[in-house]
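For this one, chain A is given, so just place chain B on it according to the hints.
Number of protein chains: 2
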Amino acid sequence: MARLVMKFGGTSVASIDLIARIADRVIAAQHQGHEVILVVSAMGHETDRLVSLAEEIDYAAIAGRRELDVLLATGEQVTIALLAMMLLKKGVSAKSYQGHQVRILTDNAHSRARVLSVETESLEADLAQGQVPVIAGFQGVASNGRVTTLGRGGSDTTAVAVAAALKADECQIFTDVDGVYTTDPRVVNDARCMSRITFEEMLELASSGSKVLHTRAVELANKNQVPLRVLSSFNDVAGTLITSEDQVMMEAPLISGIAFTRDEAKLTLRGVSDQPGIASSILAPISAANIEVDMIVQNVGADANTDFTFTVARDDYEVARELLTKVAEDIGAREVIGDEKIAKLSIVGVGMRSHAGVAAKMFEILAAESINIQVISTSEIKISVVIDEKYLELAARALHAGFDLDSSESA
Amino acid sequence: MARLVMKFGGTSVASIDLIARIADRVIAAQHQGHEVILVVSAMGHETDRLVSLAEEIDYAAIAGRRELDVLLATGEQVTIALLAMMLLKKGVSAKSYQGHQVRILTDNAHSRARVLSVETESLEADLAQGQVPVIAGFQGVASNGRVTTLGRGGSDTTAVAVAAALKADECQIFTDVDGVYTTDPRVVNDARCMSRITFEEMLELASSGSKVLHTRAVELANKNQVPLRVLSSFNDVAGTLITSEDQVMMEAPLISGIAFTRDEAKLTLRGVSDQPGIASSILAPISAANIEVDMIVQNVGADANTDFTFTVARDDYEVARELLTKVAEDIGAREVIGDEKIAKLSIVGVGMRSHAGVAAKMFEILAAESINIQVISTSEIKISVVIDEKYLELAARALHAGFDLDSSESA
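Protein chains in written order, with the working numbering: chain A, 1490 to 1900; chain B, 1490 to 1900.
The following block holds chain A by itself, in its conformation from the complex:
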């Protein structure tokens, strides 16, 4: 018998028929002797509908987001009620839980609250009675009793937090894809669904453009050592299990996946005098404007001058460029150059820790396709490059084949 937290996102609960299908899945799991706890998102486009109501008021600019959270929390509440009703109708003992009823205590940072604790008393009592708790994802309650929401990836985070608190054997994230792929199957035909990867690889893949899971939920799972499984609501394949490194097979493949994004733009400040504190004086006005910076690269120059390059979300490019032009004047830099037509591409794998030459092989493969690398940045288990956007598909396919991702098996 295993204790399973199953989380279903918006597309998986978008209709009464789909909700019935979830109930059937729960019944099947119970027949296999498992204990089930459900965490659900708002139905389909319900959150969008609620946001558009709020936008009619144009309230966000004026006040905090306290009441927006009250509004958005109704989306998940509708789903828990319907799913609990469906389970009861099918003869499964079930009970719905809003965030405050569980009690999922958060800080009071409305619309981006962090989970502080999850009370387990009521849930354990339900489970002891064979009852299925149906928990609203994305929402919690602050210590002052106000409704909070967790922001992006919120329902995944709820599921992992609940799984950690209940010491669940597995937290299953049901999505509309079969699992985590070696790369985007829309770009590389040979992309393969991985059966196992490590938390760290998943984190690097997520932060590099793979949108299956939000980084935050993976981090929480890693911290609490909750085995996480990504699988499809729409079929019965096993999906991808994300666990700690020691549970993945010894001989990890060199790299496990390729992630990429077209959502970034590159800015370079040329002829910066190479002195302490210069990086902070460049980036301070950018971050003061709430613009998030992704890659940062500084090359040591031949003389006392250096070039400073960073990437930002493409939406922030114009503002960032204006700010940077002012900075260039202030610090006497030579010029600002920018490029919106870039793509960031990363290869990720715990295997590269113990294997030298992964970076060299990556650059070789790209060179063989005459793809120029504009920026390079590396972490322990990831190598990212910025290239011209038009070469992205070519680069992804070449790397996928070059590192044998279509044939290797990570578990």
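Take the hints with a grain of salt, since some may be wrong.
When chains are identical, the list treats them as one kind, so a pair holds in a single copy or across two.
Unchecked claim - Heads up, simulated DMTMM-like pairs for lysine to aspartate or glutamate below, C-alpha to C-alpha not over 25 Å straight-line: (1) Lys1700 / Asp1796; (2) Lys1579 / Asp1547; (3) Lys1579 / Glu1545; (4) Lys1830 / Glu1610; (5) Lys1578 / Asp1547; (6) Lys1579 / Asp1615; (7) Lys1578 / Glu1545; (8) Lys1579 / Asp1537; (9) Lys1578 / Asp1673; (10) Lys1700 / Asp1893; (11) Lys1579 / Glu1544; (12) Lys1700 / Glu1535; (13) Lys1578 / Glu1544; (14) Lys1830 / Glu1858; (15) Lys1578 / Asp1537; (16) Lys1815 / Glu1659; (17) Lys1578 / Glu1535; (18) Lys1578 / Glu1824.
Hints in this document: simulated from the structure, not taken from any laboratory.
Frame of chain A; chain B shown alone:
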């Protein structure tokens, strides 16, 4: 300075524009120095939308209504969030409250819960800070922490319960009509909006077909002596104030209003032996079938036999008639006769307490129009008659004119 509870129903909160109008009304009341507490219903047809989702599951037949309450409560939660946002945007300090946040404690009769208590601590703290509490009507919380809803007339009941707990000077029920009319203006052109009536008159009018306020909210207001005002969301007229008798002018008019309904049907059991316990043996199977009986009249017969007549909702007529046919056999009654084409018409007024001859005058007026009276039933401040449905409009107009309702002024 007065403390006002303002309640806005579904049609009054059906769009963001209407919600903005409510905010303006709050601001106007604050400028006049009043303290305001808001109670709101779900937007327009939101509750219908939620019910139709539940009906897709067809759950009501299988289990209790516990989870249906969780579903329906989202409707009011959307409204409180949007209205609080609108107030904040317009510079009014405001805070939304779900039932459990106030804490509106109810029994655990899901979908028809009764209010047990309303905690005032948070609300008083808000008011002391000049903050407007925006409370979700229709919902409460049971002692076990589950969401409950109050059933029909629920939001009006919430408003009165909150007004009673906060010792408000007035509970204002905003609707889509100007107030309480002497009779239905769609039937009688001269129908007049009354400026004042008593709780008892309102109760009799409500139970006799006037749908402006639910009986339950009026009863609660009467019990707690909360002055209740019915007024329109869509204009600025004063509406109708409903208070206790001693606050209405000394010389109350003979009658204050005429109510009627076409929703009933009449059943008569003829030739019933006139003996103790016979009424209960007739009605027991009817009430066992959950059919509510309205008027009950038993005439003393010339011999040992009597006729027993009662009215039921027209929807229940067929079932009631079948049950009654069985009863007739069991108790040896002569026959069962029934009539679906009836109307019940009532005149209501505290004035009739101290004035003899009101009934005589009513019967005279109807006789002058050659309208036959089938059944008569009276209470201290109401006289009801059952007549052929086709004479209803004629009777209503004749009585309205005959009792000078078009000219008299009740305050």
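Tested hints:
For a Cα distance limit of 25 Å, the shortest separation of Lys1700 from Asp1796 qualifies neither inside one copy, at 32 Å, nor across copies, at 77 Å. Taking the shortest Cα distances, Lys1579 and Asp1547 sit within 25 Å of each other only across copies (11 Å), while inside one copy they are farther apart (43 Å). For the homomeric pair Lys1579 and Glu1545, the shortest alpha-carbon distance between copies (14 Å) is at most 25 Å, but the shortest distance inside one copy (40 Å) is not. Proximity of Lys1830 and Glu1610 under a CA criterion of 25 Å is satisfied in neither setting, with 53 Å inside one chain copy and 59 Å between copies.
For a Cα distance limit of 25 Å, the shortest separation of Lys1578 from Asp1547 across copies, 8 Å, qualifies, whereas the shortest one inside one copy, 41 Å, does not. For the identical chains of this complex, Lys1579 and Asp1615 are intra-copy neighbours only, at 18 Å inside a copy versus 45 Å across copies, given an alpha-carbon limit of 25 Å. In this homomeric assembly, Lys1578 and Glu1545 come within 25 Å of each other (Cα to Cα) only across copies, at 11 Å, whereas the closest approach inside a single copy is 38 Å. When the C-alpha separation of Lys1579 and Asp1537 is checked against a cutoff of 25 Å, the pair qualifies only between copies, where the shortest distance is 24 Å, while the shortest distance within a copy is 30 Å.
For the homomeric pair Lys1578 and Asp1673, neither the shortest alpha-carbon distance inside one copy (40 Å) nor that between copies (43 Å) is at most 25 Å. In this assembly of identical chains, the alpha carbons of Lys1700 and Asp1893 lie at most 25 Å apart only when taken from the same copy (23 Å versus 75 Å across copies). Proximity of Lys1579 to Glu1544 under the C-alpha cut-off of 25 Å is restricted to the inter-copy arrangement: shortest distance 15 Å between copies versus 39 Å within a copy. Taking the shortest Cα distances, Lys1700 and Glu1535 sit within 25 Å of each other inside one copy (20 Å), while across copies they are farther apart (33 Å).
Only between protomers do Lys1578 and Glu1544 lie at most 25 Å apart by alpha-carbon distance; the minimum there is 12 Å, versus 37 Å within a single protomer. Within a single copy, Lys1830 and Glu1858 get their C-alpha atoms as close as 19 Å, which meets the 25 Å cut-off; across copies the closest is 88 Å, which misses it. Only between protomers do Lys1578 and Asp1537 lie at most 25 Å apart by alpha-carbon distance; the minimum there is 21 Å, versus 29 Å within a single protomer. In the homo-oligomer, the alpha carbons of Lys1815 and Glu1659 never lie at most 25 Å apart, since the shortest distance is 51 Å inside one protomer and 61 Å across protomers.
With identical chains, the CA atoms of Lys1578 and Glu1535 are at most 25 Å apart both within one copy (24 Å) and between copies (24 Å). Taking the closest pair of Cα atoms, Lys1578 and Glu1824 never come within 25 Å of each other, the shortest separation being 68 Å inside a single copy and 43 Å across copies.
Going down the numbered hints, you'll see the structure goes against 1, 4, 9, 16, 18, while the others check out.
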